[in-house]
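> Sequence:
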Amino acid sequence: AQVPILVSPELSSGSQSGTTRPSIQSDRVRSVLPTMAAAAPEIRHRQVEANGITMHVAEAGPASAAALAVLFVHGFPELWYSWRHQMEHLAARGYRCVAPDLRGYGGTSVPPDPASYTAFHVVGDLVALLDALRLRQVPDPPARPPSR
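The numbering used here applies: residue 171 is where the sequence shown begins, and numbers increase by one.
Source of the hints: derived by calculation from the structure; they are not laboratory data. Note that the coordinates shown come from a computational prediction; the quantities given were computed from them, not determined experimentally. Ideal Cβ placement from N, Cα and C applies to all residues, glycine included. You may find that some hints are simply not true.
[Said to hold, decoys possible] The following label-pair restraints were derived from C-beta to C-beta distances:
hint, residue 1, residue 2, range
1, 315, 285, 42 to 48 Å
2, 314, 289, 27 to 33 Å
3, 256, 304, 20 to 26 Å
4, 285, 212, 35 to 41 Å
5, 256, 216, 15 to 21 Å
6, 289, 217, 20 to 26 Å
7, 217, 293, 26 to 32 Å
8, 262, 282, 39 to 45 Å
9, 283, 314, 21 to 27 Å
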């Protein structure tokens, strides 16, 4: 899948493979998820089965697989909500915006084994999510004009 991916800088500074990574799924976090969704009513929410887990996915813009898509990837310890303003902005311009909660965060499954929180697992989750959403290939964005 060729989708522009926006990554928070914090994603690369998370725990190393095989170490314990805390889950961002406490009762307190779960209690505010509906409030967060209500704060951005134009963003749709659903659960998607991908890579053996259930992922919470926030989406905005056209639902068509033909629309140019942008995948938003949150950092540690964040949720899809970190991208809500960017999603609203790009959706208003016709982009399909997809922002999942990564494994162990928000409304996404929490695998019990700390070894299942490696970068390989996260990338596998994202590739499987793109497949589940039928986002197989996205055209390259237009070339930027030369800078002066």
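> Do the beta carbons of residue 283 and residue 314 sit within 21 to 27 Å of each other?
Given a distance of about 43 Å, which is not inside 21 to 27 Å, the answer is violated.
> Take a look at whether the Cβ-Cβ distance between residue 289 and residue 217 falls inside 20 to 26 Å.
Holds: the Cβ-Cβ distance is about 23 Å, inside 20 to 26 Å.
> Quick check on a hinted range of 42 to 48 Å for residue 315 and residue 285, using CB atoms only.
Once the Cβ atoms are compared, 47 Å apart, the range 42 to 48 Å for residue 285 and residue 315 holds.
> Evaluate the given range 39 to 45 Å for the C-beta pair formed by residue 262 and residue 282.
Once the Cβ atoms are compared, 40 Å apart, the range 39 to 45 Å for residue 282 and residue 262 holds.
> Between residue 256 and residue 304, does the beta-carbon spacing fit 20 to 26 Å?
23 Å, holds
> Using the Cβ atoms, figure out if residue 217 sits within 26 to 32 Å of residue 293.
Violated - the Cβ-Cβ distance for residue 217 and residue 293, about 20 Å, lies outside 26 to 32 Å.
> Using the C-beta atoms of residue 314 and residue 289, is the stated range 27 to 33 Å upheld?
Given range 27 to 33 Å: holds, Cβ gap about 29 Å.
> 15 to 21 Å was suggested as the range; check whether the CB atoms of residue 256 and residue 216 agree with it.
19 Å, holds
> Holds or violated: the 35 to 41 Å window for the beta-carbon distance between residue 285 and residue 212?
For residue 285 and residue 212 the Cβ distance comes to about 38 Å; the hint holds.
Checked against the numbered hints above, the structure breaks hints 7 and 9 and satisfies the rest.
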